[in-house]
Amino acid sequence: MIDEKGLRTDGRRPNELRPIKMEVGVLSNADGSAYIEQGKSKVLAAVYGPRELHPRHLALPDRAILRCRYHMAPFSVEERKSPAPSRREIELSKVIREALEPAIFLEKFPRTSIDIFIEVLQADGGTRCAGTTAAALALADAGIPMRDLVAACAAGKVDGVLVLDLNDIEDKEGEADMPVSYMPNLGLISLLQMDGSLTFEEFKQVLNLALEGCKQIYKLQKEALKAKYVAIKEEVETCLQS
Amino acid sequence: MIDEKGLRTDGRRPNELRPIKMEVGVLSNADGSAYIEQGKSKVLAAVYGPRELHPRHLALPDRAILRCRYHMAPFSVEERKSPAPSRREIELSKVIREALEPAIFLEKFPRTSIDIFIEVLQADGGTRCAGTTAAALALADAGIPMRDLVAACAAGKVDGVLVLDLNDIEDKEGEADMPVSYMPNLGLISLLQMDGSLTFEEFKQVLNLALEGCKQIYKLQKEALKAKYVAIKEEVETCLQS
Amino acid sequence: MIDEKGLRTDGRRPNELRPIKMEVGVLSNADGSAYIEQGKSKVLAAVYGPRELHPRHLALPDRAILRCRYHMAPFSVEERKSPAPSRREIELSKVIREALEPAIFLEKFPRTSIDIFIEVLQADGGTRCAGTTAAALALADAGIPMRDLVAACAAGKVDGVLVLDLNDIEDKEGEADMPVSYMPNLGLISLLQMDGSLTFEEFKQVLNLALEGCKQIYKLQKEALKAKYVAIKEEVETCLQS
Amino acid sequence: MSSIMTSKIRQRQIYQVISSGKRLDGRGLTDYRPIKIEKGIIERAEGSARVLLGKTEVIAGVKVEVGEPFPDRPNEGTFTVNSELVPLASPEFEPGPPNEDAIELARVVDRGIRESQAIDLEKLCLVPGKKVYVIFIDIYTLNHDGNLIDASALAALAALMNTKIPIYTVENGEIRKTSEYMPLPIRNYPIAVTFANIGDKMIVDPWLEEEEVMSTRLTVTVDKDDKISAIQKGGGGALAPQQILEAVCIAKEKARELRRLVVDSLG
Amino acid sequence: MSSIMTSKIRQRQIYQVISSGKRLDGRGLTDYRPIKIEKGIIERAEGSARVLLGKTEVIAGVKVEVGEPFPDRPNEGTFTVNSELVPLASPEFEPGPPNEDAIELARVVDRGIRESQAIDLEKLCLVPGKKVYVIFIDIYTLNHDGNLIDASALAALAALMNTKIPIYTVENGEIRKTSEYMPLPIRNYPIAVTFANIGDKMIVDPWLEEEEVMSTRLTVTVDKDDKISAIQKGGGGALAPQQILEAVCIAKEKARELRRLVVDSLG
Amino acid sequence: MSSIMTSKIRQRQIYQVISSGKRLDGRGLTDYRPIKIEKGIIERAEGSARVLLGKTEVIAGVKVEVGEPFPDRPNEGTFTVNSELVPLASPEFEPGPPNEDAIELARVVDRGIRESQAIDLEKLCLVPGKKVYVIFIDIYTLNHDGNLIDASALAALAALMNTKIPIYTVENGEIRKTSEYMPLPIRNYPIAVTFANIGDKMIVDPWLEEEEVMSTRLTVTVDKDDKISAIQKGGGGALAPQQILEAVCIAKEKARELRRLVVDSLG
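Chains as they are written, first to last, in the working numbering: chain L, 3 to 244; chain B, 3 to 244; chain G, 3 to 244; chain W, 1327 to 1593; chain Z, 1327 to 1593; chain R, 1327 to 1593.
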């Protein structure tokens, strides 16, 4: 899956991200929302809350409860997926929730819930990372106070080469895949999974590669947030002028 | 399915109802109940309520909640039906509930529920209408104050002929089926569905045909209610004489 | 299944129990626990409670609620069993709960629940009886005040011979199986099921045989309880001496 | 009316009357309520029956399909018993999958039929190991006024006796439905007789209010040869061995009485 | 923001404005909101479309598999419509299996497609009685601002028109996928037109706040020949026959208008 | 006793002791509790093992069936890992389908086995594309005193090493079970090593009270060649890259230690 020029199936160099498009505030009902396209992966995230929690006895007296659902549309994958949540979706919902939790000041909203909904509209690898990235944007869009953004990106090993941001075929046929989420200002990793086979030395390099990817994603997140505020500002100004 | 004399598979004329038998107050535990046989369709309806609602947080401060379950016995159809509610049963439960709702003074019973249970014991077409008709009787039998009775009947198109009260084979093989429920005193339609293919002109005629059917059913409902009160009166008198 | 010497497939005489091993207090988290091996059947029971009940509206003002789950490990039987509770497991959970209920002073713990969990690790016949026996030990181990222990044992008919404590093949291929639980001090039977074919006279004899088995099991239960207290005493003494 | 829970006073009354050997509705301790059995009430089902036991009302419907045998019984048809406590029958019943009561009920009826070998399953094999008749017995409780087990067992038996199954021809392992029907091969008539223990008395056929007072329930299923096919103790109480033996004796008599009713109703 | 329930005052306002023949957003009573249809947005799906109806946003995706036909239609492919009201679309939507609203929505869209015979199912048979194309139409609501039925029906139709199915070769009853694709055979274009009854007025394409005020909903699905394929009344109110007849008339006009949009968008 | 939630005071104590480089039970920060592995405890299962890790107790049972391969791996057997947190193991566990913790546990164990290619799946093919061995690994937690992942992974590996599978003969695509058995072909020995982050320390094999105090959990699965097969971060905290690298280093050593134990126990 790496050609003689060292390029990947989609023409990328090993340490190159796929083309990424992010947009913030795409849904009118949600308190915050974001859309991300990373290569052919297309993921939507929405945040509702902080809001009253039902049933009430689940509420915590000293902080908000964070809930997260990662879900794939039936048409997002090669073979139609049943809409009932799979074991994989249940695990990823947990992993993503735990990736976002350290970034949020949950203690500011006791007795409430903050609900994150991630819908994978099209899956081509890296959807848990794209979902985490989009969810962090949606949280920011909802105005929820955060210690840092969370930027996520995978790295791994394909045909003996360490590569960044694996697509579906690289993930499935490659030797290792390692999704990572990073909070650059805090210097902390909040999501880390790996499967495959790596020596300790390789692991170190792959981790660094993933962190580099996260940092690039982080920049794109900031731009996407800025773009929204510019858009709002323009809207307001147009409004005032008219 | 229409012979040279213009008669249907079961010998009826196009605008003729099937033989109908109604009985009110057939179950001793329910607050109200009714049984209907319409051709080979046999349907039982029971009403519980107004009664306390569990879980309580579902209760409404200004009116009763109306709940309805339309359910088919496993042995009611040609091939045994799983007892778990099908999508069709879930939809019909909603449609029947919404057909009965405008007839009931729900605002007289805040914080309670009125529960309607419809069991199809044998299905030969028109069971949602028969269920609606029986449920209206059961509501009256339970002494729940109503704006009007609700009488239901389908009409449709079979082999190019507009017909009343389709049986199973006419429904399945015919060109259109249109279940309707009507409140004759109010002159209002509370259930209306259609599937098939009808021109606007045909639609108008089929609707009128269905309304004529509803009016006949309405008369039978009144007789069934009267029969029960006569029966009670006789019982009381026998009791007094003895 | 009975040879010319009158012995059974596993070499036992008709009125002989299988080798039985009981141990009390085997799990550290549970409030009470017990383990039983009866032939190749291996069953673990644990008790939690009396404890606060969720959801609270299920609580009773005048006594504890007794709950019981009989469950088989997927690997406990010849063909892997789905972990979802089967109809058989649901019935046996009820039957075992009702076998233990008359032995417990539930009225001493209003508004609480006492929860019994039985896990069949390996099944070779008689697991509902072994589960009942172990659960009674676990209740005693949890310090829950009881009117009597409950000892359970099956008897039945195999190849025309009345036998005690049927194993799996005897249960499946035999003519009758009758699980019984007994409270020897009260002289009362609290679990009784039978399936097969027995004359009235045979029934009488099988019932007596089962009661004899229960009495033997009862002795073993007492020994197992004593063994635990001896063990605790020794532990305490060792502790004091050191 | 929505709550049919009997008041404490009423409960004490029931208890005391039974202690003195009588019952509030005038029955003797081992009398059944009036029983009415109607057959063939659901024409679309291959077999059906309705049983009225006092005010308790139960319908059983039998559906017949063709399916695969169990691997360990390649030459036998199969049957399953399912029970639904539909919510129109009692304010205590709720919609949803069968709860433990419904499951126990179905399994007790099932065991009576299975252990008495009421259905000749070997006659229900079409292609050994491949195609057999599959019998679904669905029991529907329409009004619950106590003793659902006996009413359900009666309804199931009557429905089975009323069942006609389509005849198939078999050629080269392929089966074809004919337009002919034959009766389901029935060779035994198991009858469930249920007792309630109230005070020191064992009464037969408890009605709903008596069930609320009873400490223990005991069901004895007896077959046509007076053999016991199944027993089930229910409820959170306990019984002395002697009480059980007496109940089994009475069950034999009662079963004969009820069996006559079912057979007559299908004459 | 988390609660989008309209206040009582707002509700009265909506009601009054409509009574006077206008709408709060400036539309006429029978005007649709701006509609935008995008096709082929999910490359992995065999067909897909996104519909924006004002702020209501719906995606439909079509997946194609090979499976067995229904026994009573051995020569026809099959299709199913599924709808999910995913929780990111509204604070009122909850995760879990489809509720009655989602099921009704899917079934109304399904009936429009089925009764107008929009898909030529006979062309979707590969091996009669054995192998046919199986079409899954999944409708995903992304933002709920009212009138999900019309948006969903539009999205489903646009996605079907956008669908390419793999061509198979059949040899001796064995099928083999080729690398070729062909368009899904579409032969009708059913359009759902939904009315809300508010006061004595029937308005078209209600948005969310209007839906909260309406007493009754009426959906009329009209096919390319101006024939009515499906009707569904929803909501707990009732309608006079005359109101229904008028709505059906208007629906015919509106359906033509919308049909043009779908066809154009797929040029 | 029914609540095993650790008190705030106790939590602070645990935290402080660990900050000073010690643990309340006297272990060093990277010490495991005593481990006991018993094999073959469930004779009816094709393989089984019990693991005691301190007071944490886990059983794994292996069942072997014959089934179909996945379409994209026609020449390989399949396996699934399932975990049940049965309610007798902890007052926090509830009956019902596996929750997210049980699912994560099973999937982490599964990935360790799968990615290290511990089972030689190609040797588990009977008839390519049709019949393969299907391996079920069921993990049962009997007592939960922390670090279920490592105990479960150990139990699963020991049970697999203990597994004997029936030998089948294949003739004309038909398979027949013989009375012979062979060991399951195992070619790697993945070991999961779990860390808890408490304060600035990474400790190995946390017990229950430590788990309640930890901010983050990190599991590193290492194979027989010291390669990393799987990693899983859990819990709502975060880690510095350096902490992760150090943990991975320690995991390598610990895995060797534990691997020796499993292999020895099966001598």
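Worth flagging that the hints you see were computed from the coordinates, not collected in a lab. Check the hints yourself; a few may be wrong.
Listed below are the simulated DSS-like cross-link pairs for lysine-lysine, each with C-alpha atoms no more than 30 Å apart in a straight line [claimed, not checked]:
hint, chain 1, residue 1, chain 2, residue 2
1, R, 1348, Z, 1457
2, R, 1334, R, 1348
3, Z, 1381, Z, 1550
4, B, 96, B, 7
5, W, 1381, W, 1348
6, W, 1381, W, 1449
7, W, 1550, W, 1503
8, G, 96, W, 1490
9, R, 1334, L, 206
10, G, 174, R, 1490
11, W, 1348, G, 174
12, G, 174, R, 1334
Hint check results:
1. For the suggested pair residue 1348 of chain R and residue 1457 of chain Z, the alpha carbons sit about 67 Å apart, so the restraint of at most 30 Å is broken.
2. Of the supplied pair hints, the one linking residue 1334 of chain R and residue 1348 of chain R holds, its CA atoms being roughly 19 Å apart against a limit of 30 Å.
3. A threshold of 30 Å between alpha carbons decides the hint, and for residue 1381 of chain Z with residue 1550 of chain Z the separation of about 27 Å falls inside it, so the pair holds.
4. For the proposed pair residue 96 of chain B and residue 7 of chain B, the alpha carbon gap of about 40 Å is over 30 Å, so the pair is violated.
5. Between residue 1381 of chain W and residue 1348 of chain W, the direct Cα distance comes to roughly 20 Å. Compliance with the 30 Å bound is thereby established for this hinted pair.
6. Restraint check for residue 1381 of chain W and residue 1449 of chain W: not satisfied, since their Cα atoms lie roughly 37 Å apart, outside the 30 Å limit.
7. Distance restraint check for residue 1550 of chain W and residue 1503 of chain W: the Cα-Cα separation of roughly 33 Å exceeds the 30 Å cut-off, and the hinted pair is therefore not satisfied.
8. This hinted pair does not check out: residue 96 of chain G and residue 1490 of chain W have alpha carbons roughly 36 Å apart, beyond 30 Å.
9. Only pairs whose Cα atoms come within 30 Å are accepted, and residue 1334 of chain R paired with residue 206 of chain L is rejected, the gap being roughly 37 Å.
10. Of the supplied pair hints, the one linking residue 174 of chain G and residue 1490 of chain R holds, its CA atoms being roughly 26 Å apart against a limit of 30 Å.
11. Between residue 1348 of chain W and residue 174 of chain G the CA atoms are separated by roughly 43 Å; this puts the pair beyond 30 Å, and the hint is violated.
12. About 55 Å separates the Cα atoms of residue 174 of chain G and residue 1334 of chain R, which puts this hinted pair outside 30 Å; it is violated.
Hint compliance for this structure: hints 1, 4, 6, 7, 8, 9, 11 and 12 are broken, all remaining hints hold.
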